[in-house]
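Visitor: Listed here are the chains, written in short residue letters.
Protein chains: 2
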Amino acid sequence: MLACYFQVCGLGREEVVMSAHTDFVGQQMQGGFNPPVRSLMDIDFYKFTMGQLIFKHFRDVDATFTLINRDKSIPLAMIVPQGELEKYLDYARTLSLSSSSGISTDMALLRGMRVYGANMFFEEYMQFLEKFRLPSYRLRRVGDQYELTFSGSWVEVSMWETIALAIISELFYRKLMESLSRYELDVLYARAKDKVWRKLEILARNPDIRFADFGQRRRHSFLWQQWVLGACKEVLPEQLTGTSNTWMAFHHNMMPIGTNAHELPMALVALASSDEEMWAAQYETPRLWQEMYGPGLRIFLTDTYTSKEFFRGAPEWLAHDWRGMRQDSGDPFRIARLYIKWLQSHGVDPKTKLIIFSDGLDVEPMRKLQGEFGGKIGTSYGWGTLFTNDFIGCYPKNPYFRPFSLVCKLKDIDGIPAVKLSDNIQKATGNESEIARYIKIFNADDRDSIRPDV
Amino acid sequence: MLACYFQVCGLGREEVVMSAHTDFVGQQMQGGFNPPVRSLMDIDFYKFTMGQLIFKHFRDVDATFTLINRDKSIPLAMIVPQGELEKYLDYARTLSLSSSSGISTDMALLRGMRVYGANMFFEEYMQFLEKFRLPSYRLRRVGDQYELTFSGSWVEVSMWETIALAIISELFYRKLMESLSRYELDVLYARAKDKVWRKLEILARNPDIRFADFGQRRRHSFLWQQWVLGACKEVLPEQLTGTSNTWMAFHHNMMPIGTNAHELPMALVALASSDEEMWAAQYETPRLWQEMYGPGLRIFLTDTYTSKEFFRGAPEWLAHDWRGMRQDSGDPFRIARLYIKWLQSHGVDPKTKLIIFSDGLDVEPMRKLQGEFGGKIGTSYGWGTLFTNDFIGCYPKNPYFRPFSLVCKLKDIDGIPAVKLSDNIQKATGNESEIARYIKIFNADDRDSIRPDV
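Taken in order, these protein sequences are the chains called A and B. With this note's numbering applied, the first sequence has no gaps in its numbers, which climb one by one up to 454 at the end. With this note's numbering applied, the second sequence has no gaps in its numbers, which climb one by one up to 454 at the end.
Please keep in mind that the hints were generated in silico from the structure rather than gathered at the bench. You may find that some hints are simply not true.
No distinction is drawn between identical chains; accordingly, a pair holds when it is met within one copy or between any pair of copies.
Stated by the list, open to error - In silico PhoX-like cross-links for lysine-lysine, where the CA-CA straight-line distance does not exceed 20 Å:
1. K341 with K351
2. K195 with K341
3. K351 with K376
4. K195 with K87
5. K87 with K409
6. K409 with K351
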């Protein structure tokens, strides 16, 4: 009937905004085929940068990744039907970075990117990616939860991490939304837009805060990530430094962000032969990394076996030749002070270096950290789940509309169990006896205990 | 680029909500021809019910209506360009209830409606409407304001009232929105949706409050009225009793609401010859009305020359044969008590009668009135501008995003100035000496003074 009313004339700008809502019931395609992840580029960029390192040095190593929900109050398997999940995991396995026509935009983008210097990806790895398909998975229901396991060649199974997370995350929220009426759905999004916009307005009043989007893996949905990124680009073009999502980066002309993460030191340490070699292996990741990548990508991670111990034994060159560090667990104030002190002990001015905070951030923690460290050291923020998935309170009838702690971690490497200690006891991964052994090896007596919300 | 991403598969329901926003820039048709009112049915229903009475009894009477903005802090003529306004007023004059094909849905709806009994509109009036076009107007810029005047046959010029108001109102908000970016516009609507939804949620917790939409004339836009009505129908199907907007009523299967308004007593009193006849003429409207319409439409208006005086002289049959009254100015608690007392003085149980409150309502006043009068008398609420146009605070950068007091009133009838005293001194209309004369004739010493917000 609206169409009828408007057939006389064209639609105005604000009318398009409105009529979209008014008409969309007619366009519903519920029950159709609607994959949450539709491109292998819809993945965190670090999967490519780490992937190339794994490809070069550990091509024959096998690994197992396990995806679990740490938040048992969310009965994931009761909400997301197993058949639905399998359908879209299977669909992801059909995706390819190449195309049957021989002309692949995705491959051209990866080969042609120059933001971190020319030819950052070598041709052999590109050819591997060209043929790459996601390997098989194993899905098991354990009570109200799923356990999703990926076993096989490390360089292949590693690619599942953020893709599998993004698929489950979006399917979960879609399922919650299925019972919502047309207007409830509209108001849900209205409230979420208002929420994120208010956050952006606060950040605009704090122009020293520069941040990147790290929110692909636990996002509300692909389109929602696209919306928040678009809004953010408009409101804070100078403060938004990039996105970890490769697809979003290339399609929105943003910097793709992603360096090395826990799976590298976890694997390298696990593969070492003795306690001494294990301890030393925590520095193997940055050593191999700097052989491969220039200064723009040289951001080290300190918390895999606790930051205090990392800095205690960290080689001199990490202070001088590396751009900065990423803080991903524990008390960020304590860790940042450790880094500053360590830089100073090596005669390096912290103001010339960067710390990227990335642990469960939101606007208020960013403001506090910036208040403390602004002017003392270069800062950046990896804003994740509370950027791309803050629907808290937007539909009060259903308390499940909140982010939850879905993670996909390296479980073992060539059959050897992998361990992360973390600066936060609650974010440790690995079995208990192995964790105990690692605590001794890494003198990890100085960890915080902070309940991770997301 | 989004289309590209999604060409693989169909869109899901929530993705349509989202993608509408993401894509709409491409669909923009700014500067195009985009009339705010596109149908003569997009008018308050009382224009038809009153129109038939005027057509029957006062076909040869001339009238002048004047549209003015009472809120001088809104520089209307500086915001809405005169050419734009003329373009859409002129377009409205091309509208017709008939169609060149000879088959008119609009006429069929009016002829075929049965909600107030069969054949409520007689054929001669229908034939008049079939040929009807809006008559000419005179638009004058006075400082920062417009003065829009309609002179001619009363039954014709009367039809301009809510159409002209709705045109100016929508053009004003469109102009404010022109400078908004894509995301600002999206967030503006998101916040307005959240606001009205919260109001509906409060009303849902007060199921005794039954109300009708009276918000056509000062709405934000046609599509916004459509959205809020749709949302309201979904959330409160039992509490929403209808709409004054004829188009919305017929296209959303709702009750069209509209009885007699001030222009009838104002004209009839002005046309009377002596002071005594003028005083008596205030009851002419209900007398003529009940000859024409059945009980469903028998709602009288008391405040044209003050409610206290109206009740003092009101005929017995208004207490017995009429369904109720509408309260449109002054202290609603005082007026409702006057009505209750008057009904009791005629031996009528107020619980069998209805009072419709319609003066600048919003949720909190409705709750208070319902708390006071629920169970004592039948109540209903005509919820207008703060239902269809509450964007207050939704775009804080521009304080003009608020409703303002735009009115279109009968100025003179057959050359005789028309006067409304109202139960609120600030809502009186007419020139000062005439008002003074009327105050004496109607013993109007008991008026409230309340600044009208909308």
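Visitor: Hint by hint, say whether it matches the structure.
Guide: Going through the hints against the structure:
1. K341 with K351: within (12 Å within a copy, 80 Å between copies)
2. K195 with K341: neither (37 Å within a copy, 50 Å between copies)
3. K351 with K376: Only inside one copy: K351 and K376 sit 6 Å apart there, 74 Å across copies, limit 20 Å.
4. K195 with K87: Intra 33 Å, inter 39 Å, cutoff 20 Å: neither.
5. K87 with K409: neither (22 Å within a copy, 64 Å between copies)
6. K409 with K351: Neither. Shortest intra-copy (33 Å) and inter-copy (69 Å) distances fail the 20 Å Cα cut-off.
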